[in-house]
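Protein sequence lines, in the order shown, are assigned to chains A and B. Each residue of the first sequence is one higher than the one before, counting from 1 in the numbering used here. Each residue of the second sequence is one higher than the one before, counting from 1 in the numbering used here.
No wet-lab data here; the hints were simulated from the structure. Ideal placement from N, C-alpha and C gives every residue a C-beta, glycine not left out. Some hints could be false.
[Claimed, not checked] Residues from chain B that keep clear of chain A, each with C-beta distances beyond 10 Å, as calculated:
| hint | residue |
| --- | --- |
| 1 | Leu38 |
| 2 | Arg100 |
| 3 | Gly101 |
| 4 | Gly153 |
| 5 | Arg162 |
| 6 | Lys190 |
| 7 | Lys224 |
| 8 | Leu278 |
| 9 | Arg280 |
[What the hints assert, rightly or not] Heads up, incomplete: computed chain B residues facing chain A, CB under 10 Å, no partners named:
| hint | residue |
| --- | --- |
| 10 | Leu66 |
| 11 | Ala128 |
| 12 | Ala142 |
| 13 | Arg146 |
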Amino acid sequence: MTALASHETSRTRATGASLRLAILLFVADPQWLVPSTIAPIVFGLVSFELFRGEGPYFLTYAILGAGMMSMWGQTLYGSGWATGQDRFLGTLEPTIQAPAPYLYVVLGRIIWNVVAGLFGGLIVYLVVVLAAGGPPQLPNPLLFVVLFVFVMVTLASVGVVFAAAFVYSRYAGFIQNVGEFAFYIGTGCMFPVVLLPFWTNPIALLFPPTWALDALRYVSIPGYTGFGWGWEWDLVGAVAVTAVYAALAGSVFTRVERHVLETGQLSDY
Amino acid sequence: MSDELAIEVRDLVRIFESRKGFFFSEKTRTEALKGVDLLVRRGAIFGLLGPNGAGKTTLTKILSTLLLPTSGTVKVLGRDVVKEATWLRSRIGLVLGGERGLYNRINARENLRYFADLYGIPPTERDARITEVLERVDLTWASDRRVEEYSRGMKQKLHIARGILHRPEILFLDEPTIGLDPKSARETRKLVRSLVADGVTIFLTTHYMFEAEELCPRVAVLSKGKIVANDTMAGLRSRVGGDRTIEVEAYGFEDPEVGRLKGLPGVSKVTGEDFGPLMRLTLRVRTDETTPEHVSDLLPGHAELSVRERRTSLEDIYLDLVEEEAQ
Numbered sequence: 001m002t003a004l005a006s007h008e009t010s011r012t013r014a015t016g017a018s019l020r021l022a023i024l025l026f027v028a029d030p031q032w033l034v035p036s037t038i039a040p041i042v043f044g045l046v047s048f049e050l051f052r053g054e055g056p057y058f059l060t061y062a063i064l065g066a067g068m069m070s071m072w073g074q075t076l077y078g079s080g081w082a083t084g085q086d087r088f089l090g091t092l093e094p095t096i097q098a099p100a101p102y103l104y105v106v107l108g109r110i111i112w113n114v115v116a117g118l119f120g121g122l123i124v125y126l127v128v129v130l131a132a133g134g135p136p137q138l139p140n141p142l143l144f145v146v147l148f149v150f151v152m153v154t155l156a157s158v159g160v161v162f163a164a165a166f167v168y169s170r171y172a173g174f175i176q177n178v179g180e181f182a183f184y185i186g187t188g189c190m191f192p193v194v195l196l197p198f199w200t201n202p203i204a205l206l207f208p209p210t211w212a213l214d215a216l217r218y219v220s221i222p223g224y225t226g227f228g229w230g231w232e233w234d235l236v237g238a239v240a241v242t243a244v245y246a247a248l249a250g251s252v253f254t255r256v257e258r259h260v261l262e263t264g265q266l267s268d269y
Numbered sequence: 001m002s003d004e005l006a007i008e009v010r011d012l013v014r015i016f017e018s019r020k021g022f023f024f025s026e027k028t029r030t031e032a033l034k035g036v037d038l039l040v041r042r043g044a045i046f047g048l049l050g051p052n053g054a055g056k057t058t059l060t061k062i063l064s065t066l067l068l069p070t071s072g073t074v075k076v077l078g079r080d081v082v083k084e085a086t087w088l089r090s091r092i093g094l095v096l097g098g099e100r101g102l103y104n105r106i107n108a109r110e111n112l113r114y115f116a117d118l119y120g121i122p123p124t125e126r127d128a129r130i131t132e133v134l135e136r137v138d139l140t141w142a143s144d145r146r147v148e149e150y151s152r153g154m155k156q157k158l159h160i161a162r163g164i165l166h167r168p169e170i171l172f173l174d175e176p177t178i179g180l181d182p183k184s185a186r187e188t189r190k191l192v193r194s195l196v197a198d199g200v201t202i203f204l205t206t207h208y209m210f211e212a213e214e215l216c217p218r219v220a221v222l223s224k225g226k227i228v229a230n231d232t233m234a235g236l237r238s239r240v241g242g243d244r245t246i247e248v249e250a251y252g253f254e255d256p257e258v259g260r261l262k263g264l265p266g267v268s269k270v271t272g273e274d275f276g277p278l279m280r281l282t283l284r285v286r287t288d289e290t291t292p293e294h295v296s297d298l299l300p301g302h303a304e305l306s307v308r309e310r311r312t313s314l315e316d317i318y319l320d321l322v323e324e325e326a327q
């Protein structure tokens, strides 16, 4: 056996490998496959009944509410949980021990979670359309689709932070479970943030999905006022806050990795 | 540092700090490694022995960049494990073993492919390399089966396959045969020997003395966070008082009898153990002057006297060293 000489690990390959692994594990494990297809159907039906008769755009409300609930779980929660699974399986140590930076491994999983989240959103759309007997009225369908995907990206950016938390501590699952609904409501997944007490708004604006969801409602529901500064500024805000999250991600992972190597808790689960 | 050295450890200290309790938490501090010094040459198998909690896994994880030292200098392949961890990671392999550490829902080939990509093995070589290591650990026949269907021994082989997939220059094996059946353990040892033949340096921790004796020309004994011995087998035998061991068993010995045994030529040490009413005296003997017959002659009147001679084993050495350290 000759020793490895010169190859350097490719970050893109690490992300690609992680994406491929996420797909394989998703397909191989019914604990992911079943909830990610059945839960959106339930969310869609509940949301349809919840918003039925609430004005001419109730279908859009229903789709956004249920779609976000489904995608939030898949994209945000799933991104953190994938690292939690690594901890549980004992694969976190060999993965961190590999030369590829762990952030790029996490990115691969997040890409898959975004795709799976969009799949959930599509199921919700189909369920609501079938229940209502027709599609919702959308003033600008193309912009709706673009912003819909963008919401996923913002959710993914928060997912990176959750993933870092799972590397940091085995108790991240506990924190994520406790914060799940506060985050879900606080960022306006089910209903607009402006309906919440004013003091919650500045906190909510620290999270990219809050901005992106407000923009999405602006372009989907005529007459929606939201924060009052229009969807374009929402978009600027979402891009800016997401960029901050992305910029911080590398530094956060470096610090988190150093912390776990100092404390020696990588193998704890 | 000389190019001949694979590992160079100077005054390594590792302290773990943790908190117990939620509201009135208490800080605990454990010094797992207390000033370890160690040099390991390239191209050989180096054995690290020690009782549970001695610090073997801590040392292995520090050497393989999975844990930071509290103080001291640690170099592997001439590079600092803290400052040059990324460079090192592609050149060292680590096998922690056990039931965990693998993706159980997918097959062995997919597990290896994932890690091949993380290690940057060129895509053109990847599949051939996976086939090669699967053959090497004799898992080709089960490579398309899910890992959850694997026995403990098969999982261990897969751990090793992953550890050598990127052709490391040095391989850290932490208790590689623990929990394996004798056949699998023997195959693992055979594999380890073949890796050394290929020029890989092996750093092996084990509980099994016979394994270390069989594989390692040089061993270190770690006890309570300190290296208490680091030598060749011959050197260690000499250190504990002799190459030969004579064991005498009877239902009790008088003190004058023990005194007479201690006075025999070449006898460096006599220790005693009780097994219920049966007592065993163990004599370490440096020279050939004293034989079992001489011992028997000094112990007349014992109805059930058993005297046998054997070579001082690593287990004898290990127990002596750990006992010395405990005192």
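Each hint, compared with the structure:
no.	hint	in the structure
1	Leu38	19 Å, holds
2	Arg100	3 Å, violated
3	Gly101	4 Å, violated
4	Gly153	17 Å, holds
5	Arg162	7 Å, violated
6	Lys190	15 Å, holds
7	Lys224	18 Å, holds
8	Leu278	43 Å, holds
9	Arg280	40 Å, holds
10	Leu66	6 Å, holds
11	Ala128	14 Å, violated
12	Ala142	17 Å, violated
13	Arg146	8 Å, holds
Violated hints, in rising order: 2, 3, 5, 11, 12; the structure is consistent with all others.
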